[in-house]
Structures are given as C-alpha cells and as structure tokens.
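Asks: As given, the protein sequences belong to chains A and B, one line each in that order. Counting in the working numbering, the first sequence runs from 1 upward without gaps. Counting in the working numbering, the second sequence runs from 1001 upward without gaps.
Please note that the accuracy of each hint is not assured.
[Claimed, not checked] So the derived label-pair ranges between C-beta atoms look like this: (1) B:Ile1004 / A:Ile4: 48 to 54 Å; (2) A:Ala52 / B:Gly1147: 33 to 39 Å; (3) A:Lys180 / B:Ala1051: 33 to 39 Å; (4) A:Glu151 / B:Pro1103: 28 to 34 Å.
[Claimed, not checked] What the simulated footprint calls covered on chain A by chain B, stretch by stretch (three residues with Cβ under 8 Å from a Cβ of chain B suffice, anywhere in the stretch; the number is not a length): (5) 6 to 18; (6) 45 to 58; (7) 74 to 86.
No lab work stands behind these hints, which were simulated from the structure alone. Since this is a predicted model, take the numbers as computed values, not measurements. Don't be surprised by glycine CBs; every beta carbon is placed ideally from N, CA and C.
Number of protein chains: 2
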Amino acid sequence: MEKIKVSNDVSWQMPVVIMGTMVDGAPNFSTVAWITRLGSEPATIGLCIDAAHYSTSGIIKNKAFSINFPSVNLAEKADFCGIYSGKNTNKSNLFNIFYGANPNAPLIEECPLVLSCSVIETKDFDGDFFIRAEIKEAYANENVVKGNKVEFVKMEPIIYMDKKYYKTGELIGQAWHIGKKIKEDAE
Amino acid sequence: MEKIKVSNDVSWQMPVVIMGTMVDGAPNFSTVAWITRLGSEPATIGLCIDAAHYSTSGIIKNKAFSINFPSVNLAEKADFCGIYSGKNTNKSNLFNIFYGANPNAPLIEECPLVLSCSVIETKDFDGDFFIRAEIKEAYANENVVKGNKVEFVKMEPIIYMDKKYYKTGELIGQAWHIGKKIKEDAE
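Model the full structure from these sequences, guided by the hints.
Replies: Right under this line is the structure:
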C-alpha cells in the first residue's frame, strides 16, 4: 500500500498510570502515559513530564513518587487527574491512600498495583523534565498475583491511544515463542 | 482489598515496535517494548536497550534508526525479531524495506506506520543503553490516516503484557473528557 507522510507527533498505544507525589505536605495525583521501563536490575523506569507541572516541585524536593495502575473502573478518576492541575484542584481526597516505607510516595488503595519509586536522577530534556527512578516496592491486590508476579490481564489495565482510553483485548499469543515458527519453517 | 508485596520487576501494558538499524551495511530489526514519548516540540522519544544488542553498534555509528509499528498480522515476525539476534540471524530479508531521507533508517513496508528517527544523545544508564531521539519523518498507510494524523485503532496495534501479545480492546471513553463528570458532580 502507498504510504503518505503524516505528523511526527504520534501517540501510540500507551499505558495509563497515576503518579502520586507529596506537594506542600499533601498528596497530589497526576495521570501520565509517557513512561517506560529502563533497566532490569535494579528495576528502573523513566518518564517525562512538563517542567511546569504541579507534581514537579514535589519530585525535586522529596526524590520520591508513586506509580499507580488504575483498572478500567477508575478511568474517570484517572482522566480527572490528567485534566485538572493540583495548582487549582485539591486531589488529596480523591482516593484512599496508604504508604510503604517512603512517606513521600502516596499509594492508591483503589489501584490493584502500586509502585513506590525513588528518584535516581532528573534531567532537563529541552524543557521537558525527565525522571529516572528505581522501583523500590510494589504492592498488588492478592487476586491479581501469581507467585510473586502481577498478572496484568487480571487487573483490566487501561490503554491510552488516539486521545481515547481502551481496554486490552484478545490474546494473540505467547511472546518469545510464536516467532519460533518462522525459524522452524525456514529450516 | 488487602495488598501484598510483589516483585519490583513489573511488565505493564506496553507497545510492541520493531526497531530498524543499519549494521555493517545491512538492515537489522529488533523488537522492543521499553519505549516512550519524551517531548512534543520537536517530537522526541526515549528507549533503553541492552548495550550488548547487535543493533547498538549501528545506532552509535549512524546516529539513526527507525521505529516500525506492526499490526496484529505481523505478530509472529515481530516476535521473531525479538527472539533472534542479528549476530546469528540475517533479518534483512524478512520485510520489504524502503527509505525516507535517511539511508540509515530502514523502514518496513508491511508496517502501517513507520518513523525515521535521528539520535540526539545516548547515555549509559547503569549498563543499559538509553537513546533519546527525534522523530524526523513519519509515514503511514493511507487507510489509517485522518487529516495528517494516524488513527492507531485502525492499525490493530499490538500490546505486550505478562510476556504475551494482546490486541487492543473495547473503547472506554474520550481522554481529557470523561473526568470532567467528577468535577461537575462536585459542583
């Protein structure tokens, strides 16, 4: 098929997570989709937020934050946390909050998986505020855990794509496995 | 619900993309899921790969690579590119290839959306190789484009989660919109 040039500003299938911070002594929550794993040992993550975000000062001051994974049933609250800034909207009562070892990483009880993160370094990427952090603790609802690992499919996580929210869909196949068929067929 | 401590090594709902590089004069393809948008203007991305990957030398030498979005029908080939290293497996004939302005960013014709990227900087993150890059050109199949933007839902993109591949699912609602209800209800 013929290809045409399109806008570089692409917004592919991304996770929806709620970042929790302590700003001026109160919990604040902000929804983000620009997040990735970076390293395995220790488990690290990277994310970029607008330097002007209300959350930024809390992250700089406390070197800590949380990442909370909402299920489909929390989509409205997650969207709320993405629309309204903590500058004008008090979001500290939106969720039931608990804490792990770090009192500067407020964790959301309603989310089936929550991560307490510790900042390794921050960088100014041409005006965007990049955070590299270590996942220090992870807590999950018992009913989504097998062994010591989370089964995300049971959490009903939210996908952000085309400025809409989607559920995850049908299983295609096992990773690190279905591609072996191509090798076998070629031999 | 009671929460229990789980492994920090969480692997949430992630995009599946195929990175294209030129290594020793031949195209090579490697599948990655640890990728995020970083900035808007210019449109930038960040991703982390194992420094020992075959692709790494091509990225360092050429300061260029491609990001290709496979549809569900390419899941086996995408998995193949994630399992087998270019060190031992020639992947240059796996796809039909074309080029944009940069001859060091091989683009996959079979993928409905492809990005030609230029490296801004690379960093050693405790042994992992982090790449910050600008999206220089984006090309898409006409049938997934509206205006000058891609509609990802029409591309049938692949989600990586729990070491499995999934389709995207049902629409939940409009982002930057469904959360307004909470504000309205509170007023």
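Asks: Evaluate each hint against the coordinates.
Replies: Comparing the hints with the structure gives:
1. B:Ile1004 / A:Ile4: 48 to 54 Å: holds, 50 Å
2. A:Ala52 / B:Gly1147: 33 to 39 Å: violated, 28 Å
3. A:Lys180 / B:Ala1051: 33 to 39 Å: Distance hint for lysine 180 (chain A), alanine 1051 (chain B) is violated at roughly 26 Å.
4. A:Glu151 / B:Pro1103: 28 to 34 Å: Between glutamate 151 (chain A) and proline 1103 (chain B), where Cβ atoms are some 44 Å apart, the hint is violated.
5. 6 to 18: holds (count 11)
6. 45 to 58: holds (count 3)
7. 74 to 86: The restraint on the region 74 to 86 of chain A holds, since 10 of its residues have a Cβ under 8 Å from chain B and three suffice.
This entry does not satisfy hints 2, 3 and 4, going by the numbered hints stated previously.
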